[in-house]
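As given, the protein sequences belong to chains A and B, one line each in that order.
Note that our numbering has the first sequence beginning at 29, numbered continuously upward.
Note that our numbering has the second sequence beginning at 29, numbered continuously upward.
Please keep in mind that the hints were generated in silico from the structure rather than gathered at the bench.
Heads up, none of these hints are tricks.
Copies of the same chain look alike in the list, so a pair counts if it works inside one copy or between any two.
Below are the DMTMM-like pairs computed for lysine to aspartate or glutamate, each with C-alpha atoms no more than 20 angstroms apart in a straight line:
(1) 87 <-> 212
(2) 190 <-> 135
(3) 89 <-> 222
(4) 186 <-> 159
(5) 186 <-> 175
(6) 89 <-> 218
(7) 89 <-> 194
(8) 89 <-> 212
(9) 87 <-> 195
(10) 186 <-> 135
(11) 186 <-> 140
(12) 89 <-> 195
(13) 87 <-> 194
(14) 186 <-> 136
These numbers come from a predicted model, not from an experiment.
2 protein chains.
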Amino acid sequence: MTHTLEFWFEFGSTYSYLTAMRIEEAAGARGVSVRWRPFLLGPVFGAQGWNTSPFNIYKAKGDYMWRDMARRAARYGLPFRRLPESGPGAFPQNGLTAARMALVGMEEGWGEAFTRAVYSAEFADGHDIADTTLLQRLAAEAGATGDVLARAQAQGNKDHLKANVEEAFRLGIFGAPSFIVDGDLYWGDDRLEDALDAAAAG
Amino acid sequence: MTHTLEFWFEFGSTYSYLTAMRIEEAAGARGVSVRWRPFLLGPVFGAQGWNTSPFNIYKAKGDYMWRDMARRAARYGLPFRRLPESGPGAFPQNGLTAARMALVGMEEGWGEAFTRAVYSAEFADGHDIADTTLLQRLAAEAGATGDVLARAQAQGNKDHLKANVEEAFRLGIFGAPSFIVDGDLYWGDDRLEDALDAAAAG
Chain A
29 MTHTLEFWFE FGSTYSYLTA MRIEEAAGAR GVSVRWRPFL LGPVFGAQGW
79 NTSPFNIYKA KGDYMWRDMA RRAARYGLPF RRLPESGPGA FPQNGLTAAR
129 MALVGMEEGW GEAFTRAVYS AEFADGHDIA DTTLLQRLAA EAGATGDVLA
179 RAQAQGNKDH LKANVEEAFR LGIFGAPSFI VDGDLYWGDD RLEDALDAAA
229 AG
Chain B
29 MTHTLEFWFE FGSTYSYLTA MRIEEAAGAR GVSVRWRPFL LGPVFGAQGW
79 NTSPFNIYKA KGDYMWRDMA RRAARYGLPF RRLPESGPGA FPQNGLTAAR
129 MALVGMEEGW GEAFTRAVYS AEFADGHDIA DTTLLQRLAA EAGATGDVLA
179 RAQAQGNKDH LKANVEEAFR LGIFGAPSFI VDGDLYWGDD RLEDALDAAA
229 AG
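So here's chain A without its partners, still in its complex pose:
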């Protein structure tokens, strides 16, 4: 029996962008269904003693990440731009509001298209995804109706996202993207195929 794969993503994460853009096709080819789980890396990194992305803390690793991302994006045929180190749109971007909206969207059926649109705005076009006007436009284009921002900022939805972060801790998640198949953790866009194969094997 094929298992569902859980795709845990953070909007500030470069490698989550790669996965978000290619998981639908890769999962479909194996008959695996995917559950998209937005969460926040900030509290996860904080628990490891970091106040920003480790790619900013460890310079050699960060320099490598941007080079590796450019190569990987090219391999997948995806546009990609390096974000600035400071100023508007600097890496890592604040994905809190985007994550809250995505959570609403996953319940209402427009979350996956919205998530892809946000990642494209960020890493293909270099826009600042903390911009609520941009996010509301992308949500509407993905099929959302009414005051999405209000639903995203409602206390119940904020608590839902917090609960997701707590669940990520319990699952042993320490970075993004992460995949859960039958309780087993896989980390990184380069483990997507392993995780999908495990899910397909059931």
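Given chain A, put chain B in place with the hints provided.
Showing chain B alone in chain A's frame:
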């Protein structure tokens, strides 16, 4: 024109074991020649503020690494055991003498077989690779003659290994295994195919 691929490895590194055991076949299939470059991660980690492997410092990441290594080793058909957290043979093992001997072996023609044998002793059999009696036996089995340990501990060879570590810093290397193709850095056993493809493309 096909480029040479440089394979930078540290004997304490779990993922370097995977690469050491499979690089010959993978490179041969693409007609790429490989230059094996032993170095030490201790000074590299020290520069990042770590006094041991990050897999020991960050527990969630470490727990995941052992799980991921077991799955990846199974995928490649390689035996693998988790090393103890303390006591003889604890992770990360001290690969200083092994690296010095491997450096001699690379010049004398028995270094690659020796390197594979050391990794197997460590991660398949759980032996302590700081044991010079074990290392001398493995070197002899790989084709070394005479007093290998004395040649490994000679000042010129010690300086050679130090120079390798300095070169690793200059190349931007921050972990192992790492691959260099025409000056371009690739990190991790899961980037071996990308690096080989780049070398084959020339």
